[in-house]
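S.K.: Position chain B relative to chain A; hints supplied.
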Amino acid sequence: MNKTLLVIQREYATRVRKPSFWLLTILVPILFAALYAIPIYLALKPAEKSIVLVADESGLFGSADRNDTLRTDSRFASTNNIEYRYAATFEYAQRSMEADDDIKAILYVRRRASEAIPTDACLYYKSELPPQQVRYDVDRQLQRILRNRLLQAHNISDDEYALITNTRINLRTEDLETGREAFLEVKTGLGLVLSILIYFVIFMFGSQVMRGVVEEKSSRIVEVIVCSVRPFQLMMGKVIGIALVGLTQFLLWVALTGVALVGIQASNSELFHIASDKHNITELATKGSDATLQMQQNDQLADLPSVIEGIASIDFNTIVPLFLFYFIFGYLLYATLFAAAGAMSDTDTDTQIVSLPLTVPLLATLLCMPAMMNSPSGMLSQVLSIIPFTSPVAMMLRIPFGVSTAQVVISMLLLLVSIPLCTWLSARIYRSSILRYNLLTHWRKKNK
Amino acid sequence: MFLETRHIEKNFGTFRALDDINIGVREGTIFGLLGPNGAGKTTLIRLINRIARPDGGEILMDGRAVSDDDVRRIGYLPEERGLYKKMRVGEQAVYLARLKGLSRREAEGRLIRWFERFGIESWWKRPVEELSKGMQQKVQFIVTVLHQPRLLIFDEPFSGFDPVNATMLKDEILRLRKAGATVILSTHNMASVEELCDDIALINNAKVVLSGSVNEIRRSFSNNTFEAVTRKSDQKLQLPDSFDVVSSTCEDDIERLQVSLPKNATANDLIATLLNQCQIVSLNEMLPSMNDIFVEAVKKGGAR
Chain A
864 MNKTLLVIQR EYATRVRKPS FWLLTILVPI LFAALYAIPI YLALKPAEKS IVLVADESGL
924 FGSADRNDTL RTDSRFASTN NIEYRYAATF EYAQRSMEAD DDIKAILYVR RRASEAIPTD
984 ACLYYKSELP PQQVRYDVDR QLQRILRNRL LQAHNISDDE YALITNTRIN LRTEDLETGR
1044 EAFLEVKTGL GLVLSILIYF VIFMFGSQVM RGVVEEKSSR IVEVIVCSVR PFQLMMGKVI
1104 GIALVGLTQF LLWVALTGVA LVGIQASNSE LFHIASDKHN ITELATKGSD ATLQMQQNDQ
1164 LADLPSVIEG IASIDFNTIV PLFLFYFIFG YLLYATLFAA AGAMSDTDTD TQIVSLPLTV
1224 PLLATLLCMP AMMNSPSGML SQVLSIIPFT SPVAMMLRIP FGVSTAQVVI SMLLLLVSIP
1284 LCTWLSARIY RSSILRYNLL THWRKKNK
Chain B
235 MFLETRHIEK NFGTFRALDD INIGVREGTI FGLLGPNGAG KTTLIRLINR IARPDGGEIL
295 MDGRAVSDDD VRRIGYLPEE RGLYKKMRVG EQAVYLARLK GLSRREAEGR LIRWFERFGI
355 ESWWKRPVEE LSKGMQQKVQ FIVTVLHQPR LLIFDEPFSG FDPVNATMLK DEILRLRKAG
415 ATVILSTHNM ASVEELCDDI ALINNAKVVL SGSVNEIRRS FSNNTFEAVT RKSDQKLQLP
475 DSFDVVSSTC EDDIERLQVS LPKNATANDL IATLLNQCQI VSLNEMLPSM NDIFVEAVKK
535 GGAR
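Heads up: the sequence lines are chains A and B, in that order. When we follow our numbering, the leftmost residue of the first sequence carries the number 864, and every step to the right adds one. When we follow our numbering, the leftmost residue of the second sequence carries the number 235, and every step to the right adds one.
FYI, nobody ran anything at the bench for these hints, they're computed from the structure. All C-beta atoms in this analysis are idealised placements derived from N, C-alpha and C, irrespective of residue type, glycine included. Be aware that one or more of the hints could be misleading.
Unchecked claim - Not the full set, but computed from the structure, chain B residues with beta-carbon under 8 Å of chain A:
hint, residue
1, 305
2, 312
3, 314
4, 315
5, 316
6, 317
7, 320
8, 329
9, 330
10, 332
11, 333
12, 334
As the list claims (entries may be wrong) - Okay, derived cross-link-like pairs now, PhoX-like style, lysine-lysine, Cα gap no bigger than 20 Å in a straight line:
hint, chain 1, residue 1, chain 2, residue 2
13, A, 989, A, 912
14, B, 359, A, 881
15, B, 367, B, 404
16, B, 534, B, 441
17, B, 441, B, 533
18, B, 359, B, 320
19, B, 319, B, 367
20, A, 881, B, 319
21, B, 320, A, 881
Same shape as in the complex, but just chain B:
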């Protein structure tokens, strides 16, 4: 395991922010850290970053306790992010890169390449306050990844991004994973979780209530519902009483049928029933969306 937390605890006074948190992040994957507001995601990220210290438990990287050296190889884009408003873009990016341990020359060389990639070379000498929010986000992203960290942590990266920048960010995250980086993504955006994440952990009320690979979780939440697409037939379809038709829609000569099957039935049973009555175009299992799973898991735990 690349990064592992064991029995992490954190209290703010009498308030328990994190309680026995155990998560494991595999190398080269994108790990989604989910949970409602105030669940403790940002606190956990700060502990991994060593901005704050846990009250109990340990955080391991490559099986060892996280050291200052490891932290230098983390790229962190916080949820509440900003830049010095009065400073010039280039100068500021160089400063932040040097704080991460790059030399001035190295920082400038890499920054120029990144600025060219994003087509923002002309911003170099402009003060940050002249940039729009979306422009500032691009600069922040570059600064986060510039020192080629092994671990990237994005806290709510899509909040405040316009669709163009959000897509760009998504593509960049996937590209970084391809290049071998490990990514921790804290987000509310469930669509992006399905699209990007390999594994997730759902934190609610300071505890991990759900964790594992996205596909497995979705499968385990499956309620045996299928969508059958068929050619329209003149007769009305006859289904057994135990088959529950969730919805049925028609468009042109295509009929879409969503059917919830009883526990002991399989897709084969549905096919067998339909086979004699109409012409099947396709049949898909309908896995619940991460959004549904999130809402259900959080409801079960109860909000604070």
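Pulled out of the complex, with its shape left as it was, chain A reads as follows:
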């Protein structure tokens, strides 16, 4: 049996059997599922009830009936979990808050003689900060009431106001040749996810190769093994074995994340409906009194189809094969170099120094990402996506935006050509260093 194959087998089997492999395999899909499920859960979870007392000296925002001091007024509209009550005076509100724990805050609008319209309001709380949601809602309603008062004062009807604020001109970015919309946000997001994934994969599995080499060196088993196997076979066996572990893990991630997402959707489908029903009810309730609020919501909803359309516009038939290409060959480029770095180290601490030349180009690409996202076809993006050491990460960021075939081909060819060169170099370093210890100490002494 071929010895490289034996080494590959051992590397694969010992790694896949480790509990840490399965822990990571399970945790990552759970993380993805959680990212998806937690916002839904939070949206569905009934928030605790908060009562806000409004003490308004200006009378602009509604006032309490003196006979019925705690009457709910329609001008500050109570929502599902925030109830607004009016208090005649600030002092009365203070006393009420002492007595009732459900009262989370007092909105106090002071009257100043110099001002026709109050410019300053304060939300008082006692020891416990009111929920973010309460502060947003109070602010939103204050602005709304103020605006409605102003509209009335200037004789502007709701319809006129709606016309002014809702008439928008829509700016799109389109390809002149195909006439397709660019959907920049969707593509930026996708590019970011893909390139960070590649970065993560190269780093994680590359350093696994490095640690594996150091383990063999520090446990001194390597001398026994290189008697039966050539150093090159040992190195390549490790690199390929770990590549297979990486692919296994990646495929498991994809499969498990898919299962988890489908599972969440299936188990929550009813809740989804209830949630949207509730949404409709509140919408209906506020329709008459609050046209602008509804419009805001419509705005947000209007974004959703464009995201779906954006995703649909992405050419997955190109992206998926390219991702796999850069995933595998980006790893192979770095893996042998990481193996050489491991061969030069005696301990894990040594590797941090020796592997620095390898981590720098990877990290640099990561740091250049904002600039590249700003201009996916700019000079920086083009250069980084052609240099083999940065191209796997850089190209994945650009791919969703569309890259000319010529550039992709050059980048892929350069990467393919550099792999045997790096492997050759690494094999030389590996062979000459694997049985030598204290290389770093010698090197340091020499340079003192």
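M.R.: Here is chain B on its own, set in the frame of chain A:
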């Protein structure tokens, strides 16, 4: 000659590790490779194993240049030895045996027999890191000899072995020689050299400074000293002035006398002198120990 090195040279940069090394190992013997630390023993072993390549000279096995096939028939226990800590003992031994060219079934069959011989069957499924150092050494030894190599190379095999394991190792080495294997033993342990080795080569400062059969070397270093054991006599022994008494001890009615004779004198002269004065129990030539020879040879060459 089973294994022969001719004019071997090896340099690390400007450092000359081995310089014109010529040694010959006879088939079926134990060959001791001696020398102080840093003399180049391990480097020479790595060259024989083809882990490293010489810068000059050649290594012959059965009169031919050593091939990859020959290397597969070498069993090598390096000085710096280890095992994968996380792997199970049996699985790891099978893996290492398969790297040497054994099939899985063959490897398992032989390993089970060896494990039974050493009474360590129960370790098969345990991870190596749970084993003590002595236990790991047993496993390493088994892995070294499992593929029934024609040539065995042990680099400092006794370092780190406890006395029980060291004795076991000694017995196993002798047993392997009896079974026809050739052994190269690199060691500092001079007592074991006298006990085990047929021939030796002493390397110092990258050169062979002394080589040959152990008995011949010891004889050639002989300084004509004898130990005479006699019954105690009442009179004080009278010896010629040229006879130098190194030491004399008494226990009960036995007297031990170590005498260094002048170059032209023989044991017969000593016997003749003693014959009339006391009753001789025994007379032995005192050959210098390998330890003394080692120290003397190295001192003469000067340490680096």
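S.K.: Taking the hints in turn, state whether each one holds.
M.R.: Against the structure, the hints come out as follows:
With a least beta-carbon distance of about 7 Å to chain A, the hint placing residue 305(B) at the interface is held under the 8 Å criterion. A distance limit of 8 Å between C-beta atoms decides the matter here; for residue 312(B) the minimum to chain A is near 4 Å, and the interface restraint holds. Contact between residue 314(B) and chain A, as hinted, is supported at the beta carbon level, the nearest pair being about 4 Å apart and thus within 8 Å. Using the Cβ-Cβ criterion of 8 Å, the hint placing residue 315(B) at the interface with chain A is satisfied: the shortest such distance is roughly 6 Å.
About 4 Å separates the beta-carbon of residue 316(B) from the nearest beta-carbon of chain A, less than 8 Å, and the hint is met. Interface restraint check for residue 317(B): the shortest CB-CB distance to chain A comes to about 6 Å, inside 8 Å, so the restraint holds. With a cut of 8 Å, the hint placing residue 320(B) at the interface with chain A holds, because the nearest CB-to-CB distance is about 7 Å. Hint status for residue 329(B): holds, given a least beta-carbon distance of 6 Å to chain A, under 8 Å.
Annotation: interface hint on residue 330(B) holds; nearest CB of chain A at approximately 7 Å, less than 8 Å. Annotation: interface hint on residue 332(B) holds; nearest CB of chain A at approximately 6 Å, less than 8 Å. The closest approach between the C-beta of residue 333(B) and any C-beta of chain A is roughly 4 Å, which is under the 8 Å cut-off, so the hint is satisfied. Below 8 Å, beta-carbon pairs count as interface contacts, and residue 334(B) has one with chain A at about 5 Å; its hint therefore holds.
Pair hint residue 989(A) plus residue 912(A) holds up; C-alpha atoms about 16 Å apart against a cutoff of 20 Å. Of the supplied pair hints, the one linking residue 359(B) and residue 881(A) holds, its CA atoms being roughly 16 Å apart against a limit of 20 Å. Distance hint between residue 367(B) and residue 404(B) is fulfilled; the C-alpha atoms sit about 18 Å from each other, no more than 20 Å. Under the criterion of a C-alpha separation no larger than 20 Å, the hint pairing residue 534(B) with residue 441(B) is consistent with the structure, at around 13 Å.
Restraint check: the Cα-Cα separation between residue 441(B) and residue 533(B) comes to about 14 Å, which is no more than 20 Å; the hinted pair holds. Restraint check: the Cα-Cα separation between residue 359(B) and residue 320(B) comes to about 11 Å, which is no more than 20 Å; the hinted pair holds. A distance of roughly 12 Å separates the Cα atoms of residue 319(B) and residue 367(B); the hinted pair therefore holds under the 20 Å criterion. Taken as a hint, the residue 881(A) and residue 319(B) pair is honoured in the structure, with Cα atoms around 13 Å apart against an allowance of 20 Å.
The hinted pair formed by residue 320(B) and residue 881(A) meets the criterion: a straight-line CA distance of about 10 Å does not exceed 20 Å.
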